[in-house]
Amino acid sequence: MYGRNSLRYKIPINLSLAILLTALVIGSVLIWRSYEEVRNDLFRSSVELGTVLARTLVAPLKHDDVWQAYQILRSAGSRIYIVMDEQQRVFVSNQPTRFPMLTELHSLGPEFAALQEKIEKHASLTPFLHERSEDERLYVVIPVVDDGIQIANVVIGYPRSIYWPHLLSIAERVGLTSLIVMLILIPIGWWVGNRTVDPLVRLSQVMSQVGSKPLEEIDYQPFDRDDEIGQLGRSFDAMLGELKEKQIREGQVIVSERLAAIGRLAAGIAHEINNPLGGMMNAINTYRRFGRSARETEQTMFLLERGLKQIHETVSALLVEARQESHDLTPEDIEDVRLLVQSDAQKKGLQLVWDNKLDRPLSLPSTPVRQVLMNLSLNAVQAAEQAGQVTLSVARVDGLLEIRVSNDGITVSNEEIGHLFEPFVSNRPGGTGLGLWITYQIVQQFGGDIYVQNERGTTSFMVHLPLELAA
Amino acid sequence: MVDSRQLLIPLLCLMLAFGSSVAVAKEQFPTLRIGLTPVFLDNKLSILRIWQSYLENRLQRRIEFVQRQTYREITDLLLAGDIQSAWICGFPFVRYSSQLTLLAVPLYRGQPLYQSYLIVPATDETTRDISDLQGKVFAYSDPDSNSGYLVPRVGLRRMGYNPDTFFARTFFAWAHYDVVMAVAEGVAQGGAVDGYVWDTLRQLHPEITQRTRIVNKSRKFGFPPLVVSNTLPDEDVRLLRHVMLRMKDEPDGVLLLRELNLDGFVSAKPELYEGIRENVLYMNQAELNVRQKQFTVQDTN
Chain Y
51 MYGRNSLRYK IPINLSLAIL LTALVIGSVL IWRSYEEVRN DLFRSSVELG
101 TVLARTLVAP LKHDDVWQAY QILRSAGSRI YIVMDEQQRV FVSNQPTRFP
151 MLTELHSLGP EFAALQEKIE KHASLTPFLH ERSEDERLYV VIPVVDDGIQ
201 IANVVIGYPR SIYWPHLLSI AERVGLTSLI VMLILIPIGW WVGNRTVDPL
251 VRLSQVMSQV GSKPLEEIDY QPFDRDDEIG QLGRSFDAML GELKEKQIRE
301 GQVIVSERLA AIGRLAAGIA HEINNPLGGM MNAINTYRRF GRSARETEQT
351 MFLLERGLKQ IHETVSALLV EARQESHDLT PEDIEDVRLL VQSDAQKKGL
401 QLVWDNKLDR PLSLPSTPVR QVLMNLSLNA VQAAEQAGQV TLSVARVDGL
451 LEIRVSNDGI TVSNEEIGHL FEPFVSNRPG GTGLGLWITY QIVQQFGGDI
501 YVQNERGTTS FMVHLPLELA A
Chain X
2 MVDSRQLLIP LLCLMLAFGS SVAVAKEQFP TLRIGLTPVF LDNKLSILRI
52 WQSYLENRLQ RRIEFVQRQT YREITDLLLA GDIQSAWICG FPFVRYSSQL
102 TLLAVPLYRG QPLYQSYLIV PATDETTRDI SDLQGKVFAY SDPDSNSGYL
152 VPRVGLRRMG YNPDTFFART FFAWAHYDVV MAVAEGVAQG GAVDGYVWDT
202 LRQLHPEITQ RTRIVNKSRK FGFPPLVVSN TLPDEDVRLL RHVMLRMKDE
252 PDGVLLLREL NLDGFVSAKP ELYEGIRENV LYMNQAELNV RQKQFTVQDT
302 N
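Here the protein sequences line up with chains Y and X, keeping their order. Residue numbers for the first sequence follow my numbering, so the first one is 51 and each next one is one higher. Residue numbers for the second sequence follow my numbering, so the first one is 2 and each next one is one higher.
Hints are computed from structural coordinates only; laboratory data are not their basis. Since the model is a prediction, treat every value here as computed from it, not as a measurement. Relax, there's no trap hidden among the hints.
With a straight-line cut-off of 30 Å between C-alpha atoms, the simulated DSSO-like cross-links for lysine-lysine are:
1) Y/K263 to Y/K294
2) X/K270 to X/K218
3) X/K249 to X/K218
4) X/K270 to X/K221
5) X/K137 to Y/K168
6) Y/K112 to X/K137
Sequences are here, hints too, so could you generate the full structure?
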């Protein structure tokens, strides 16, 4: 379910890679060490052999007895033995056809030219090893010394491949050992990796349920460990508990808030209805006590009608009917609102910035949109400071009609924002408290959104109305 | 080709049959010491053992074969009387003929004669004559050898070359067998070898001889003889000669001769070695001339 990025695979694979790398490094070091040892052994043994040879060759060399010298060097297998005289010429070799007598060493190719140079430069009477990676062979040169005077050199040439059987057998052994170690370590690595990762995987599975599953259905058992993973599990468990508690608390808050809003609404309605009701009750009392005349009856009826009308208005305002028949919204409708707002703005000496970007009619009923515009802009004008600024913009944005209205001056507190769209809530004396309620109801009925923002002394309202109305 | 195994078994049987009677008589006479040189394949120890017991049985005395690296050492032992008899080359015999007596001469292919071969490695297909080997490495067998030293040097002298400077380097392989090996293995680019040894080697080890090529064969010379020191009593000489000459008539002697690749031993006169003597004289004269020339040159200076 987590694919190849899961730690379940990553940790064991990385662990295995680390084991493999370690095996490789140790193997290489061992092989390199063995190479050096083989090389040193080769040098040591050929110096021993060469020293014996050199001692035996003194007499034939002094007596110029080529045949005797040849007999000594004969049957040397794949090795080359060359006795060089003082003029660096072949005195005798065990491969006479390849290294004929009296041949100068450097005339036998670059490999031997380099060897001759090395021999000539080598001043002391000690044996030395001559090895170049481009050569076919490596050479051990042992001086033939008689009475402290060098009379010749014995050159022993080994094919460079002489190392290979040794190195291969060592590499084989190292490889086998590494393989065994890896066979043991890699399953352990997988086990350790899985043991480390398992709690994390469980944790991540449970965590991914948060948000997609109701919290009370999420069951999590923290693991009994003292390390960071154990801590993580316990922290998560504590967090889950707090989340659950918070969810319960929030549920309770919402319920009480809803109840409070209903209470406020009921109180508002009761208040609005109570006033005319009180007047009507007075009129009826007065009529009972004093009046039987036609004039008084008339007076009472008038008072009753006025009270009922007031109640009717209140109820009508609460039942906002957005879908009234009206023509499509035109750019001129917006300009009309401007005219209406302008006079109030001028009275307050406000700067009115009116940005109408509409250039053609939109398929939105004009009346409710104008009402929204009116409510928001008049609110803004009233809330703005003396000689302040009110900004309004109307534009089409991505299939929406976007209305932005902002003003400086009195700002709305965050707490007030929570109750802003409730009916009968007014922050200003003389307000009915229904303007934003109606606005909200209209926007809702059009399937749009309304946002309030409070920022650096500016209050902004933003309305989005979808242009494609669901018929 | 001779199969040595087939021959060795009957020889060993004969040796055992005579063994008991020899043991009694052996102690009565002093040991007869016979020197051997590489004029034949003296490195075949098994044949030497059989030959030794053959002689011990026939002579009823202890025989000791003495081998040294060089002809010179054997000659010196012989002249000093440390050994009583020896199989040597015709060259030292000619040189010391006054102090030595011819005992018997081997018969090779029906004649008491042999040749010197000039050989080169088989890979060399161009050499037609010894003069083609100028500036090369040349293998002699022994400075006291006729076929392996005197013959090629005389040849060069006769062609007008100085044999001391003709080759880039020369060396002595001390045995004809080793001369063949040196040429076969390319240590030397030419060599002079006893024709009888080369022929015998070709029968026993053709894989060696086929790596060499015979450029030319010399004229025939007297075969390397068996000689005795003049100090050996006549009786011993007569007996020894008798045994040697009769070898070809005895069944075990014939088997032994076949092993040696010889037909028998015959008596001969010193005149058989006239050819070698001529060569020695020619060489001495030539070297004398060279020296005189050198002196003359020095004098004029």
